[in-house]
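In the UniProt record's numbering, the protein residues as written are 1 to 537.
Since the hints were made in silico from the structure, they are not lab data. Just so you know, even glycine gets a beta-carbon here, dropped at the ideal spot from N, CA and C. Among the clues, some could well be false.
Stated by the list, open to error - Derived lysine to any residue pairs resembling SDA-like cross-links, with alpha carbons at most 20 Å apart:
| # | residue 1 | residue 2 |
| --- | --- | --- |
| 1 | Lys462 | Gln418 |
| 2 | Lys311 | Thr82 |
| 3 | Lys459 | Arg411 |
| 4 | Lys459 | Ser107 |
| 5 | Lys113 | Glu158 |
| 6 | Lys252 | Pro370 |
| 7 | Lys459 | Arg491 |
| 8 | Lys350 | Tyr327 |
| 9 | Lys462 | Arg414 |
| 10 | Lys461 | Tyr380 |
| 11 | Lys192 | Thr205 |
| 12 | Lys497 | Arg199 |
| 13 | Lys204 | Met381 |
| 14 | Lys461 | His207 |
| 15 | Lys252 | Ser300 |
Said to hold, decoys possible - Here are the in silico distance ranges between beta carbons for each label pair:
| # | residue 1 | residue 2 | range |
| --- | --- | --- | --- |
| 16 | Asp253 | Gln460 | 50 to 58 Å |
| 17 | Pro85 | Asp168 | 16 to 24 Å |
| 18 | Glu440 | Asp136 | 48 to 56 Å |
| 19 | Asp168 | His283 | 44 to 52 Å |
| 20 | Gly475 | Asp136 | 48 to 56 Å |
| 21 | Ser201 | Ser90 | 46 to 54 Å |
| 22 | Thr205 | Pro85 | 40 to 48 Å |
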Amino acid sequence: MSRYTHLFRNAPPVFGRLRRVRNAEMFVRSPLNSEFVCGSSATSTGRSTTPEHKPSPRCYTSSGTTPVRIGCASGFWGDTATSVPQLIYSGKLDFLVFDYLSEITMSLLTAAKTKMPNMGYAPDFVQVALAPFINDIHRKGIRVVSNAGGVNPLACAEAIQEVLKKADLDLKVAVVTGDDLMPHRSGLSEVKMADDGSRQSLPKTLHSMNAYLGAEPIRRCLDRGAHIVVTGRCVDSAVALGPLMHSFGWQKDDYDLLAAGSLAGHLIECGAQSTGGIFTDWHKIPDWDNMGFPVVECSSDGSFVLSKPPKTGGLVSFATVAEQLVYEIGDPRRYLLPDVVCDFSQVSIKKMRGVDGGAVRVTGAKGLPPSHDYKVCATYMDGFRATAVCPVGGPRATEKARRTAESIIKRTKRIFKQLGMEDFSAVNIQVLGAEDTYGENARSKGSREAVLWMAVHHKQKKALELFAREVAPAGTGMAPGLTGIVGGRPRVSPVLKPFFFLHPKSQLKVCRKKRKRFNPLYSSENIKMKQIKKCLE
Numbered sequence: 001m002s003r004y005t006h007l008f009r010n011a012p013p014v015f016g017r018l019r020r021v022r023n024a025e026m027f028v029r030s031p032l033n034s035e036f037v038c039g040s041s042a043t044s045t046g047r048s049t050t051p052e053h054k055p056s057p058r059c060y061t062s063s064g065t066t067p068v069r070i071g072c073a074s075g076f077w078g079d080t081a082t083s084v085p086q087l088i089y090s091g092k093l094d095f096l097v098f099d100y101l102s103e104i105t106m107s108l109l110t111a112a113k114t115k116m117p118n119m120g121y122a123p124d125f126v127q128v129a130l131a132p133f134i135n136d137i138h139r140k141g142i143r144v145v146s147n148a149g150g151v152n153p154l155a156c157a158e159a160i161q162e163v164l165k166k167a168d169l170d171l172k173v174a175v176v177t178g179d180d181l182m183p184h185r186s187g188l189s190e191v192k193m194a195d196d197g198s199r200q201s202l203p204k205t206l207h208s209m210n211a212y213l214g215a216e217p218i219r220r221c222l223d224r225g226a227h228i229v230v231t232g233r234c235v236d237s238a239v240a241l242g243p244l245m246h247s248f249g250w251q252k253d254d255y256d257l258l259a260a261g262s263l264a265g266h267l268i269e270c271g272a273q274s275t276g277g278i279f280t281d282w283h284k285i286p287d288w289d290n291m292g293f294p295v296v297e298c299s300s301d302g303s304f305v306l307s308k309p310p311k312t313g314g315l316v317s318f319a320t321v322a323e324q325l326v327y328e329i330g331d332p333r334r335y336l337l338p339d340v341v342c343d344f345s346q347v348s349i350k351k352m353r354g355v356d357g358g359a360v361r362v363t364g365a366k367g368l369p370p371s372h373d374y375k376v377c378a379t380y381m382d383g384f385r386a387t388a389v390c391p392v393g394g395p396r397a398t399e400k401a402r403r404t405a406e407s408i409i410k411r412t413k414r415i416f417k418q419l420g421m422e423d424f425s426a427v428n429i430q431v432l433g434a435e436d437t438y439g440e441n442a443r444s445k446g447s448r449e450a451v452l453w454m455a456v457h458h459k460q461k462k463a464l465e466l467f468a469r470e471v472a473p474a475g476t477g478m479a480p481g482l483t484g485i486v487g488g489r490p491r492v493s494p495v496l497k498p499f500f501f502l503h504p505k506s507q508l509k510v511c512r513k514k515r516k517r518f519n520p521l522y523s524s525e526n527i528k529m530k531q532i533k534k535c536l537e
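With these hints in hand, go ahead and build the complete structure from the sequences.
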């Protein structure tokens, strides 16, 4: 998942060159609630599911040797809508995958579900990515995997079923749930920390808990014939590894192959980042307005070629792919994933000649058995924040902006003291245009244009409402040149902070039920097995 708000990559030098179901076909349940519902969206017309140009998806692991082409159309929730038609019509795809989730996104989706119980997923996936193109996706025999389910994958699947109904298509939509650990909160008084293994208590203001699931449940949904697979939280690369495990019959102990498939997924999971997006030598990347999105053509031996659709912008080269390789993996010799521990230290990236827009062949990934734990990201409430952004113009703009911010903070602190309220928990002032982010290395010597940026944190919402009311008065009572407040009066928002820990995989015990009628929207994620059987009868 791309941290698209980050402008720089903290990486070492380049080394070694995923409507209610009518006919449920599978339901899998465990103490961790890994739950797969593979259902049909059949309408009264009984329309055929066979695409015009490709056979119907096989309902078993194919164990084939024909190369598989996977294109990734999204690196985050909010990525460009132009990627989908580009990949559908020019990518020659077997699978179209989408990565929408980050820790920040999960927090936003959790907040959305709190306000509206039928939300909590990425609606762009349904309305922007699928709805306009679903007929062509079906006609071309492309199968779709996405983690757009967020914290409410069942609601996402229901929305997809409505799209299929309107299109008069009979396709199977599979749902993977189980990442939500909130139903088990009472049994998690202490947890093992992800960084040092120590034991700590969960935060008291816990808001969400989601385990990073792997590719195996995605693979099983595809094995059962799903055309569209929607997951909750899973590791980003799983949306590609799952299809590869399904297509080639890779097993859970084929560690080198799983590492190779994870590498393919890792390289495309951030969308255009591997095709020239935010590349160090940005000035060498052509046609940003038509950026090509990545496609991997994978072989059964784990090797693959990464390219992009022809006649698109961007660039696939050793350097663009190598930068993505080291992105967010930590130790390249031990990149920890649910399905495998990856060793990317000996990966080879070789340029292929004569390919429009560039292509590279990637080999050399090695794998080790995975750990016994799932990584879990919890979020908890930690007070409130407010942000003010104000352009400032005229001579000595930087100096005026800084003094304005300091004066607003000083005035608000005095009000707090008069009302017997605590001070700010945190204050961050930056003058954009003054190179504040460079600290002592700033080179700016003053500017006639600057942007004042203030972010403040407090335990009480009321305190920040007081702060918000004191920003606009600067327009008449402080320096000349403050030309407005971007977005109007600052809004006060609750702060959700991440809390990472590990949860034992030993609690994942899978049980299957086939060819039983089941309404997934009825399911409760913490009901007992006997209740599940009753629902399925």
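List, from low to high, the hint numbers that the structure doesn't satisfy. none
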